[in-house]
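Protein chains in written order, with my numbering: chain E, 1474 to 1872; chain L, 1474 to 1872.
Please note: incorrect hints may appear among the correct ones.
Where chains are identical, the list cannot tell them apart; a pair therefore holds if satisfied intra-copy or between any two copies.
Here are the simulated lysine-lysine pairs, BS3-like style, with alpha carbons at most 25 angstroms apart [claimed, not checked]:
no.: 1; residue 1: K1479; residue 2: K1798
no.: 2; residue 1: K1641; residue 2: K1479
no.: 3; residue 1: K1599; residue 2: K1641
no.: 4; residue 1: K1737; residue 2: K1479
no.: 5; residue 1: K1798; residue 2: K1817
Everything labelled a hint here was simulated from the structure, so no lab data went into it. If you're wondering where the values come from, they're calculated on a predicted model, not measured in any experiment.
2 protein chains.
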Amino acid sequence: MYNLLKSGNITSVPGFFAGAVYAGIKTENNLDLAILYCETLCNVAAVFTTNQIKAAPVILSRKHLSNNMAQAIVVNSGCANACLAEQGLADATEMANLTAEKLSIKVEDVLVASTGLIGSPLPMNKIQSGIRDIAIDKDGGHQLAMAIMTTDNNPKEIAIEVNEGDFKYRIGGVTKGSGMIHPNMATMLCFISTDAVVDKDFLQIALNNAVANSFNLIDVDGDTSTNDSVFLLSSGSANNKCIDSASGKEFQNALNEVCIQLAKLMVHDAEGVTKFIEVTVKEAVSLADAQNAARAICSSSLVKTAAYGNDPNWGRILVAIGMTKIKLLESSIDIYIDDICVFKQGQPTAFDKEYLRVIMSNNEDLRIVVCLNVGAEEATAWGSDLSEEYVRINSAYST
Amino acid sequence: MYNLLKSGNITSVPGFFAGAVYAGIKTENNLDLAILYCETLCNVAAVFTTNQIKAAPVILSRKHLSNNMAQAIVVNSGCANACLAEQGLADATEMANLTAEKLSIKVEDVLVASTGLIGSPLPMNKIQSGIRDIAIDKDGGHQLAMAIMTTDNNPKEIAIEVNEGDFKYRIGGVTKGSGMIHPNMATMLCFISTDAVVDKDFLQIALNNAVANSFNLIDVDGDTSTNDSVFLLSSGSANNKCIDSASGKEFQNALNEVCIQLAKLMVHDAEGVTKFIEVTVKEAVSLADAQNAARAICSSSLVKTAAYGNDPNWGRILVAIGMTKIKLLESSIDIYIDDICVFKQGQPTAFDKEYLRVIMSNNEDLRIVVCLNVGAEEATAWGSDLSEEYVRINSAYST
Chain E
1474 MYNLLKSGNI TSVPGFFAGA VYAGIKTENN LDLAILYCET LCNVAAVFTT
1524 NQIKAAPVIL SRKHLSNNMA QAIVVNSGCA NACLAEQGLA DATEMANLTA
1574 EKLSIKVEDV LVASTGLIGS PLPMNKIQSG IRDIAIDKDG GHQLAMAIMT
1624 TDNNPKEIAI EVNEGDFKYR IGGVTKGSGM IHPNMATMLC FISTDAVVDK
1674 DFLQIALNNA VANSFNLIDV DGDTSTNDSV FLLSSGSANN KCIDSASGKE
1724 FQNALNEVCI QLAKLMVHDA EGVTKFIEVT VKEAVSLADA QNAARAICSS
1774 SLVKTAAYGN DPNWGRILVA IGMTKIKLLE SSIDIYIDDI CVFKQGQPTA
1824 FDKEYLRVIM SNNEDLRIVV CLNVGAEEAT AWGSDLSEEY VRINSAYST
Chain L
1474 MYNLLKSGNI TSVPGFFAGA VYAGIKTENN LDLAILYCET LCNVAAVFTT
1524 NQIKAAPVIL SRKHLSNNMA QAIVVNSGCA NACLAEQGLA DATEMANLTA
1574 EKLSIKVEDV LVASTGLIGS PLPMNKIQSG IRDIAIDKDG GHQLAMAIMT
1624 TDNNPKEIAI EVNEGDFKYR IGGVTKGSGM IHPNMATMLC FISTDAVVDK
1674 DFLQIALNNA VANSFNLIDV DGDTSTNDSV FLLSSGSANN KCIDSASGKE
1724 FQNALNEVCI QLAKLMVHDA EGVTKFIEVT VKEAVSLADA QNAARAICSS
1774 SLVKTAAYGN DPNWGRILVA IGMTKIKLLE SSIDIYIDDI CVFKQGQPTA
1824 FDKEYLRVIM SNNEDLRIVV CLNVGAEEAT AWGSDLSEEY VRINSAYST
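Using the sequences and the hints given, assemble the complete structure.
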């Protein structure tokens, strides 16, 4: 059983501190450099970008996680520190060194993350003075959430408290990302803190599961990035009986919830989004089939533009499913748009198109349900529509 | 050796006739129903959509091609005749029957194609009178090109004459498609005629190769359709020595040229396109790697929007390559945008960004060259940019 904490964030978890400054990396006068710190060394699980081109902070953080432990994260926005060869690695290493010195911890216990434009070197003089100026604080979580934003309109953060019989613990999370959002990660950073005592191996399994059920089921524009990183830090200060795969169901559910809520916040904040799309695929032969079909629908440019135009064009939904290799039978498929059945057992229904158009226009979200009627598995994916505003934002990003 | 025929089209090939009418399937008063006819029975090669959801005309044409022969194609625009279960198949069959009766040929020798909105039944009374009214003619090729257009702005057609020593033959082609254009076919129809005598097996091999090097290397918006069909009809009336895989190099080159030119016309005519993108990937380990990388770049929404905004954002090109599984080494990659080197051996160059922006703005096409420096294979793919206009067109297609 878990409860949402009001105004909760990554430092709502005991033992975690954060702080941020405007170091001058971004041109606008907004926070752009932050540190997350835990008073004890943490077990860490991590998931990184699947892109073959990996940014320097990703390469360095993977190295620092060879023992799966860390005590701090230093993160900047405004510059991705990617595709800069040796210079990029040297700069990421210096960010870690400066942070380790400031916090009097080992450099190997510092993780580094960067987000922003690819190919521009970090302004290291600004990073140096910025790291020096950061004041970490028990209430700094929200500042960190602000500091990692790029084209995000809103900070995205959450914290929950889990009660498991005799003991309780918290999970806090923060994320950024509003473009290049696609299954198998995106231009996203996500940091998650917990004071729960969790078995090291299970911590990674639980994070993999949570990512598969959240960040890998959202789509904005089909691109993944060089910098994607999800870090889950477990301090163990809650002193609960160690959670492992046998006892971990509650922890897994709570972690899924944190990741799903953060994933949905990312889609709601997607570049140029006017409509949030939720797609549920039911009665698939396998979970993988259900997920693939739901993702395919969310990823289709034609479904996205139809959503933007409040056009109940169910043919595009069928086309998107048909492009996958999932098991299907056209004559068994049912499709519902905003709860109205538009296609039944392989044939269009006589639905009132004008009425549905009005319903779609009035609804803030678009809800698509596809029943494949060939199995028993179900999955939900989330996506954004595709608007003229998306094009406007992305046609001049590097200016 | 081949020559382009001036104002050439599908009936520039001896023995082929065509005609079209406005039957009233489309709301606008434009040609929407056409017939292609050959005075002799042809050998036929065909490639169909890879989408699991196949429209009725695709299912019927596949059946009629069980002997790889045909003598006519009947085609309509304005209605895809897809996702309509038994009714769809019955209507496609009636189209074939009416055409066979009109031309006094066997119904099995009639191929059927439809393009337009999915899910609306064909207005069969209009189809009946339309087929009756069509007058086929030696100069009807251009009319057919007009009649298969949907959101296309321009008809797309070509014909070439091939001289192979002692004999000559012609190849004519027509295509439609301007949205849902993606690797592995698209919402596209393409009909190709030739009077060359070609071995039946080699005819299919040659078409597969030509499609792989043309239509499968273009991208507009990542969606494939239920109706994609490419038909290649060979009448054999040129009386040349039968072309087979041993002697077929010249024929293959000529067929590739026809398909590549038609594919490029499709991208130039893409919905909302303001800029044509040509991507060449060089020095890849394999041809498949080169093609995959070139396609990935053409398919990236972020590359497309950057192209639209004349933004030399090479980071997005790298990200698109990195999303593939091709063999690469970041430190070996060179990138050129409109012939200016922006990334060399894994590092950004000191190119003049403002100058390149001016060049990009002045150029009608965008040319991207990526040199992987890990092998000897090369491929080119073509795509469109992504504009606000694309979104506008596709947000209200079914209205």
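Status of the hints after comparison with the structure:
no. : hint             : result
1   : K1479 with K1798 : neither (43 angstroms within a copy, 43 angstroms between copies)
2   : K1641 with K1479 : within (17 angstroms within a copy, 80 angstroms between copies)
3   : K1599 with K1641 : neither (41 angstroms within a copy, 71 angstroms between copies)
4   : K1737 with K1479 : within (18 angstroms within a copy, 56 angstroms between copies)
5   : K1798 with K1817 : within (21 angstroms within a copy, 39 angstroms between copies)
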